[in-house]
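Given the coordinates of chain Y, assemble chain F onto it according to the supplied hints.
Spelled out from the first residue to the last, the chains are:
Protein chains: 2
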Amino acid sequence: MLRTATCGELRADHVGQTVTLCGWADKYRDHGGVVFIDLRDRYGITQIAFRMEESSETQKLASGIRHEDVIQITGEIVSRGDENKNPKLSTGDVELRASELKILNKSKTPPFEPRGESLANEELRLQYRFIDLRRNALQEMMVLRHKMTQSVRNYFDELGFLDIETPIMGRSSPEGARDYLVPSRVHEGTFYALPQSPQLFKQILMVAGYDRYYQIARCFRDEDLRADRQPEFTQIDIEMSFVEQEDILSTIDGLLKRMVKDIRGENLPTPLPRYTHADVMERYGTDKPDLRFGMELIDISDLVEASGFGVFKNTVGNGGKVRGLCVKGGAEKYSRRILDNDLKNLVGEYGAKGLAYFKVANGGLDSSIAKFFNEDEQAAIVERMGGEDGDLLVYVADSYDVSCASLAALRNHIAKDMELYDPKELSCAWVVEFPLVTRNEEEDRWDAEHHPFCAVHPDDAEYFESDPSKIRALSYDLVCNGYEAASGSIRIHDPETQQKIFDLLNIDPEEAELRFGFLLQALRYGAPPHGGIALGLDRWVMMFAASDNIRDVIAFPKTQKASDLMMGAPSIVDDRQLRDLSIKIDIPE
Amino acid sequence: MLRTATCGELRADHVGQTVTLCGWADKYRDHGGVVFIDLRDRYGITQIAFRMEESSETQKLASGIRHEDVIQITGEIVSRGDENKNPKLSTGDVELRASELKILNKSKTPPFEPRGESLANEELRLQYRFIDLRRNALQEMMVLRHKMTQSVRNYFDELGFLDIETPIMGRSSPEGARDYLVPSRVHEGTFYALPQSPQLFKQILMVAGYDRYYQIARCFRDEDLRADRQPEFTQIDIEMSFVEQEDILSTIDGLLKRMVKDIRGENLPTPLPRYTHADVMERYGTDKPDLRFGMELIDISDLVEASGFGVFKNTVGNGGKVRGLCVKGGAEKYSRRILDNDLKNLVGEYGAKGLAYFKVANGGLDSSIAKFFNEDEQAAIVERMGGEDGDLLVYVADSYDVSCASLAALRNHIAKDMELYDPKELSCAWVVEFPLVTRNEEEDRWDAEHHPFCAVHPDDAEYFESDPSKIRALSYDLVCNGYEAASGSIRIHDPETQQKIFDLLNIDPEEAELRFGFLLQALRYGAPPHGGIALGLDRWVMMFAASDNIRDVIAFPKTQKASDLMMGAPSIVDDRQLRDLSIKIDIPE
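If you're matching them up, the sequences are chains Y and F in order.
Under numbering that gives the first Met the number 0, the first sequence has 84 at position 85, and the numbering climbs by one with no breaks.
Under numbering that gives the first Met the number 0, the second sequence has 105 at position 106, and the numbering climbs by one with no breaks.
This is chain Y alone, in the form it adopts within the complex:
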């Protein structure tokens, strides 16, 4: 090694030793007779002192050092003394008095400094990713990601799960998101597809008797990207045989407990809370509730159906709902201007035609529409909402679905705005008993809520004929901080049930064969009861790091246009390459 120690390990006990360090020149300060350089590597920063009275050759070299030069320094560790020590650095008790210096590599002046919060624009940072990745914040993110995956691997290894690699070059299954395709050279005119998930393979592994499988698997979706999506992403993928829903849930409870212990040294109480899908829709308006704060949705339909306020009355009369939130201490925070503009627009994005609101004052309601409610009605509303003077009450009067969607968005918005939670907190819960199917009115059919392989709740077989919307799937999501952090189900293991589901979804046998043929085939040869789940690793790293930028947790991320700005991908390729693949470019005019 070109060093005998790292820049993060020197302490007071090392004083008097001679060591060699290597690293990058992070900061440079010339204090007359002494030049100080902060030497940086992945492990920390050590202060180097070059004293003028010492070796003049070294001195000369040192004076030429610039930011980000790579240097090797040998010298004696000396104490910085009480007055000069730097408590912010783990190595802050000491400094290295340089006696030898070698410049291992010079650096051009970097386009931005890889220190602290970067002020450079993200495009430049992505283009010079090798500079940006030197920032402490990003290095910590990569270390965190490593620790998390190692924690996951140890957990599953100890439980007897096998890490089995599934193919990246698979078969296109044209549904849901778009596949990325790979033209085959050998079989002209045909294509591989990159997997959107290893779903079919992990089920096949259960049929093949592997019993407990996990993989940290790369997945691909050719979607128009939202801010928190990447074209390639990573999931912790799990499947188990001879299990029931409870076994999967408790296995994942254990995984999270382990990760929280390994990463934060904290105890995560388990089992995690469980809610039914119907319950979270009622209380939070979404199947991905952020549980770091309360402020649940409250239904006042019954209190206002006979009121003098036409909007409320008519909504309830027409089968809709009047639901709202009680924003504790929100009366002062939210002016009429914000309510009538920003917040009204926000709920409008989710289809709500308006936003009604009151302030709680003197135990009653205060607003321009308060006059439409008599004293009893006002008291009942305040009581139902748990309102106190100074609180803000906001309502959406609309269909159940619109009130859910709009109030869920409003709840998240207000909570963030009012800082109702600690961004570092992890608040996880299970949502179970999802509906098996949802109505696709446009195409007049039933769509699978998750995918067509979810098993059916044993009590709900009767609804196949009478009302498929009532069929509950044996599927479950883990929600954390308002995100779907994991999703899974018990799978169908017999071909007859699978056929019944395809019939319900209007997938004809030919289409089923084309899309899932090899899985259907496998189910006919002794498939065990099995189930599984997948956790989005990128999202989990973000949550542990309290980051809201997915590009911060991936070493080489792509932009929202799916470009890698550093390497310049995608790019134009040689005609010869296309000829070899029997394809040509065909851009419509």
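FYI, nobody ran anything at the bench for these hints, they're computed from the structure.
Among these hints, one or two may not hold up.
Any copy, or any two copies together, can satisfy a pair, since identical chains are not distinguished.
As the list claims (entries may be wrong) - Lysine-lysine pairs mimicking DSSO-like chemistry, simulated, CA-CA at most 27 Å apart:
#1 Lys107 / Lys499
#2 Lys260 / Lys146
#3 Lys423 / Lys87
#4 Lys352 / Lys105
#5 Lys101 / Lys499
#6 Lys59 / Lys343
#7 Lys105 / Lys583
#8 Lys343 / Lys256
#9 Lys105 / Lys499
#10 Lys560 / Lys107
#11 Lys343 / Lys101
#12 Lys499 / Lys260
#13 Lys343 / Lys105
#14 Lys146 / Lys256
#15 Lys343 / Lys370
#16 Lys583 / Lys560
This is chain F only, laid out in the frame that chain Y set:
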């Protein structure tokens, strides 16, 4: 869980307990009053006994069980007694006396039995991979692979390496093997490429200060496949900063020691032996020698240059070499017919015009050409070769390169034929000091022996002008059992040296920029000295398993035509998908 124990864990101490097992009906035997079923899962086999006098309902069900049905059985564990116990099974002391039976899933009659050595042809087995993967041999292979990767991960984690994921969708670098391409939908007419290795990314990570990186990385090459290659394969990829060659070698020595300990419980003596490239070429004729046996190449040029045998004499006179092998006890094994046909043809494939041979008898040579050598010459040859009566001496008289290639192949052939080694033995060694470049006579230029980023041996700078063939690279291969099991180098870390290498390789600046632009850019901003290595995981699993079929160590392998026969990939895709990607199929007539 649907079971309370697995099929591999019941022992004599469990007698008297009631347990529930789940698994596949492996074997079925009706012994009049008792039906025996071997119940199988990943963990083992447990014998189940259904006695006729017990529950008749269960009895009736049991009689309908067929191979590969999935069943759940509850019953009492009873001792099989000394006379009936099966020492071949870990559970062989006991059986489960079934009181309840549930058929969880029926199986169609499988196309072949997933037991023992499969006699079915490989195409059928790949098509029904979910059946074939039930075979014990394949399950053991997947468990081995899991254990090996876990061992690798623990080793590197403990040493402070970070597991960092690099992109699968990258940029095409048209050289060497063909890239698999992925058309971009967003950027019409452009393509991503699947990585042939994470080489550039891992170097970038060093530039970014990550210091120690590893990844078990999927790599892709669109080659016409040889028997032991797959279009997607996995490598253990490693890079370190501030290191010298010695540090990489000792890190990998430690890795192998750890793996051998974890997997086989044995101590692998380290440091592993090291040979120079020149040395192994001289002694084994190849840079991938199989060191499980001796039988080195021996040069007798000096002994025969004045002999009466024209072929030898002229070869040496023209600057060629006469080299050969001493096959211990081979005189009887190899008849003149085999020598003149099979073995002569084998060396002929590597360009050798003939194969000369003698048997050692009475301390001298015995063959049709022995008469051309006088007694002293014969004695000198026998002595040089270490020959004893009954040995076979075989020679190729040709250029140095042809004698290397042909004798290396012959050496491997004979060793396998004569069973000179234990297939399970692991015999590893380092080959160092590879030449930096090799002459490409056809195109009149120098090609990189490994890749253009290898650093140069510090003593060899002078040869850039005088004789580039003499430049040694700081590159190293780990050879094991005749395979290149790992390959790596210290990298160039400064842009000037990199430019010098590009000049030597005749890569002009524009081409360099196009192919490696982002790495060259990164070297200008403070790249540390660094180096690394990559180990082929599939190959390592094969070596630990003593398997010679790469498809046995990959859960879902592809054929030599790069097809996945189970899922039917590659396949035809929708026209809509191609339109979305702005490509069309263009098969030449």
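Intra/inter-copy verdict for Lys343 and Lys105 if alpha-carbon distance must be at most 27 Å: So Lys343 and Lys105 fail the 27 Å test inside a copy (57 Å) and across (58 Å) alike.
Intra/inter-copy verdict for Lys352 and Lys105 if alpha-carbon distance must be at most 27 Å: neither (63 Å within a copy, 55 Å between copies)
Within, between, both or neither: Lys423, Lys87 at alpha-carbon 27 Å: within (22 Å within a copy, 55 Å between copies)
Up to 27 Å CA-CA - Lys583 versus Lys105, copy category: This pair counts as neither: shortest intra-copy Cα distance 45 Å, inter-copy 48 Å.
Homo-oligomer pair classification [Lys499, Lys101; C-alpha up to 27 Å]: between (73 Å within a copy, 22 Å between copies)
Alpha-carbon proximity context of Lys499 and Lys260, limit 27 Å: So Lys499 and Lys260 fail the 27 Å test inside a copy (44 Å) and across (51 Å) alike.
Identical-chain pair category, Lys105 with Lys499, by Cα at 27 Å: between (68 Å within a copy, 17 Å between copies)
Intra- versus inter-copy proximity for Lys256 and Lys343 (alpha-carbon distance at most 27 Å): Neither, since 40 Å and 66 Å both go past 27 Å.
Within, between, both or neither: Lys343, Lys101 at alpha-carbon 27 Å: neither (64 Å within a copy, 58 Å between copies)
Alpha-carbon proximity context of Lys59 and Lys343, limit 27 Å: Classified as neither: same-chain Cα gap 66 Å, cross-chain 68 Å, threshold 27 Å.
Status of Lys107 relative to Lys560 across identical chains (alpha carbons, at most 27 Å): neither (30 Å within a copy, 48 Å between copies)
Lys107 and Lys499: within-copy, between-copy, both or neither at 27 Å Cα: Between copies, since 19 Å is at most 27 Å while 66 Å is not.
Comparing the model with each earlier hint shows violations of hints 4, 6, 7, 8, 10, 11, 12 and 13; every other hint is respected.
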